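Taken in sequence, the protein lines are chains Y and C. Positions 1 to 117 (the working numbering) are the ones given, in order, by the first sequence. Positions 1 to 114 (the working numbering) are the ones given, in order, by the second sequence.
Source of the hints: derived by calculation from the structure; they are not laboratory data. What you were told as hints is all true, and nothing was included just to trick you.
Okay, the calculated bits of chain C under chain Y, using three or more residues with CB under 8 Å as the criterion:
#1 32-42
#2 47-60
#3 87-101
To list a few chain Y residues with every Cβ distance to chain C over 12 Å, as calculated:
#4 Ser28
#5 Asn58
#6 Ser76
#7 Gln83
Owing to the predicted nature of the structure, the values given are computational and were not obtained by experimental measurement. By construction, the Cβ of each residue, glycine as well, lies at the ideal position given by its N, Cα and C atoms.
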Amino acid sequence: AQTVTQSQPEMSVQEAETVTLSCTYDTSENNYYLFWYKQPPSRQMILVIRQEAYKQQNATENRFSVNFQKAAKSFSLKISDSQLGDTAMYFCAFRRDYGGSQGNLIFGKGTKLSVKP
Amino acid sequence: KAGVTQTPRYLIKTRGQQVTLSCSPISGHRSVSWYQQTPGQGLQFLFEYFSETQRNKGNFPGRFSGRQFSNSRSEMNVSTLELGDSALYLCASSFRLAGFDEQYFGPGTRLTVT
Numbered sequence: 001a002q003t004v005t006q007s008q009p010e011m012s013v014q015e016a017e018t019v020t021l022s023c024t025y026d027t028s029e030n031n032y033y034l035f036w037y038k039q040p041p042s043r044q045m046i047l048v049i050r051q052e053a054y055k056q057q058n059a060t061e062n063r064f065s066v067n068f069q070k071a072a073k074s075f076s077l078k079i080s081d082s083q084l085g086d087t088a089m090y091f092c093a094f095r096r097d098y099g100g101s102q103g104n105l106i107f108g109k110g111t112k113l114s115v116k117p
Numbered sequence: 001k002a003g004v005t006q007t008p009r010y011l012i013k014t015r016g017q018q019v020t021l022s023c024s025p026i027s028g029h030r031s032v033s034w035y036q037q038t039p040g041q042g043l044q045f046l047f048e049y050f051s052e053t054q055r056n057k058g059n060f061p062g063r064f065s066g067r068q069f070s071n072s073r074s075e076m077n078v079s080t081l082e083l084g085d086s087a088l089y090l091c092a093s094s095f096r097l098a099g100f101d102e103q104y105f106g107p108g109t110r111l112t113v114t
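From just these sequences and the hints, can you work out the full model?
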């Protein structure tokens, strides 16, 4: 069975600084996707970034980037130039790729990020 | 395009009752998944429906059931409610784009069981 672990329950960062959220996962699968989701206090879950396991290049989306270490089964999220609007719960998630279809999301417990002015 | 909508947004029920939650996916999305979010267990997958058929199921008791209609709207039902069923229930709809299932979440239904 796949598991996702986020070892940092809470983190804080000053506005405009950089913060890195950690995530490790365990799987015997070779084809899968990894995601970071953001859930602000309003509760709507939003996809921040995704990484295909077959891609060696780390994904980036504006101020968000990941460090994907497949052999180490590590998938960290770096937020640059943190903004107050980045305050939220961040969930790391795993999803199997069956080729013709994709499985359900398996989430970590989340990291509560607070951006301080 | 309108996003995923869930109704009701808040619900209070008594132990032993049953409840039905509704999810309307984004237009054109044929897959709907349900997740339960609690402080203790985090986010857990309940089930997924695609074209009115349950395609995948999580590890929840039979009190949790769902269905999907021909217009892709989905409902989940919880019978004989227990205090531990208090949670935020999230629905997500998805469509396939370039071999990848793009998934979008709704705002959730907050269920409180007293």
